[in-house]
Amino acid sequence: MNFVRRREVARRVFAYELNRSTHRIQPEGEKAPVYVLTPLGMRCNRVYIVGALLDKDEIKPDSGIWRIRLSDPTGAVFGYVSRFQPDALESLMEIEPPELTAVIGKVRTFEINNRIFVSLRPEYITVVDSEVRDYWIYETAKKTIERIRNMERKEDEDCRLAWQIYNPDLNEYRQIVRQALMSLKEEYEMIVEEEKEEELKEFEEEFEFEEEEWDLSDLLGE
Amino acid sequence: MENRIKELTDQIFEQFKRSGFDINVDEVYKRLKLLIYEFKVPESEAIRTIKNWLMKELDIPREQLIIESPIVKIADITKAGQWISLKAKVVQLWDSNSPNVFQVGLIGDETGIIKFVIWAKSAKKEVEEGRSYLFKNVVSDSFGGRLQVNINRNSEIIEIDEDIELPPREMEVIGALVSIQQNSGLIQRCSICKRVMTKGICPIHGKVEGYDDLRIKGVLDDGENFYEIILNEDNIRKLTGIDLERAKRMASERLDRNSVLSELKGKLLGRYLRITGTRGGRYLIVKDVDFLGRVNKEEIERLLEGIT
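First to last, the sequence lines map onto chains A and B. Here the working numbering is used: position 215 in the first sequence is 215, and no number is missing along the way. Here the working numbering is used: position 260 in the second sequence is 260, and no number is missing along the way.
Next comes chain A alone, as it looks inside the complex (with noise of 0.2 Å):
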């Protein structure tokens, strides 16, 4: 078959879901993309997180090879860089953490006794403002309730799947989700406080600067 290989879509997914995929999954054939599948049933391959990068550490002196940490309201993924991906490479190293970034890259496993964790290979790195942020954690919880919903349809193949490897507590992955809303809720109600105070701030600050204008002369009749 004449088949030419498609890109993989960015998945968007929370650090809680990602952390606990264990079960990896390669398609036959030479160059097939390998997958993680997610308890909620979602295979992926390459993802796109925003989130707080709080580390960066090399993991040897000189080795070239850094270790990245990147939180959401969830969790945390760890992820490897280096130079094999010029890109994210050389944004890393103009960045101090923490940071807000928006990381894109692939995911890759690895076995510690005989468990599987996950990490990402970043491919780019970038500083983003909470704007981003808070859309990405908007679309991340829209898309983990509509996996939610598929797993309780059980049609998709891969949620049966899921169903069968991992059998998750719904309402657990339901908590993690209105966990992140809330923070961003919570976050906007502290803008708009903001908002006010620097009105008000800025209100004063006309105030004074207008004090200071007053001829006093006139009041003091001289």
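Calculated directly from the structure, the hints in this document are not laboratory data. Ideal placement from N, C-alpha and C gives every residue a C-beta, glycine not left out. Hints are supplied without guarantee of correctness; some may be wrong.
As the list claims (entries may be wrong) - Label pairs and their computed distance ranges (CB to CB):
1) A:27 <-> B:252: 16 to 26 Å
2) B:274 <-> A:96: 39 to 49 Å
3) A:82 <-> B:253: 26 to 36 Å
4) B:129 <-> A:83: 34 to 44 Å
Place chain B on chain A using the hints.
Just chain B now, kept in the frame of chain A:
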């Protein structure tokens, strides 16, 4: 009126005959007349009732009956469960994770574009992007709140020697910019053919005079699909404030044309963009682009309420 009933009777007779079944024409005529005249049942319902009755009577499994569905336009598909035939062109094929799905993607005609699924069980030959086909006896379905057509065992796909025209489709995509590809940033174009030159060499005309241009070839990804996009100088200026003149200045100050690309990557990658554009072959031709602003609080609350 009598003629109409006769016509419908013949249609049903023909259809069963094609599938290899002989039916009692008089009986069908009588029943049709009763339903349509006496009971004022709409024609389509009457026909369905008769067909169901015949299948039961003659013990014909539904699959064996070749039902010729009417050829309609994509815009006519309004609800799930319609049996129809379509003349359409394959616009795009997607990857599928499910072993139940043989092929999935988009087909279109001049009235619209719709998702299609060819089930693995349907045992069909592959369709190809850019070719036009007659999709016979397919059924509309609703998945995730959107209409699609399913090609199943009873369907037939016949390639046709017609180039079905697609609507000038303007679409809006919201996604994250997940990649910026080679030949982006401050580039040089051949002054003869406008192709992008690498290291001062045009792939067609060799070593010729070039001129500078600013563009980005990138990938916008919404988590379900990806779209290859091209941003031109105007788009780039709108998003980053960098235009061709400034890009050239940056390059000469830093003695490095690639510094422009690094700068653009830093400002654009990993950001959400809202793009309106039209699909032209492989690329989405961008008409308008902007950063996506802050998600509003109502949306967050709506999601929270939906978690049960």
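Structure-based check of all given hints:
Separation of residue 27 of chain A from residue 252 of chain B is about 49 Å and departs from the stated range, judged on CB atoms against 16 to 26 Å. For residue 274 of chain B and residue 96 of chain A, the Cβ-Cβ distance of about 31 Å falls outside the hinted range of 39 to 49 Å, so the restraint is violated. Restraint check, residue 82 of chain A to residue 253 of chain B: a C-beta distance of roughly 31 Å satisfies the suggested window 26 to 36 Å. The hinted range of 34 to 44 Å is satisfied by residue 129 of chain B and residue 83 of chain A, whose Cβ atoms lie roughly 37 Å apart.
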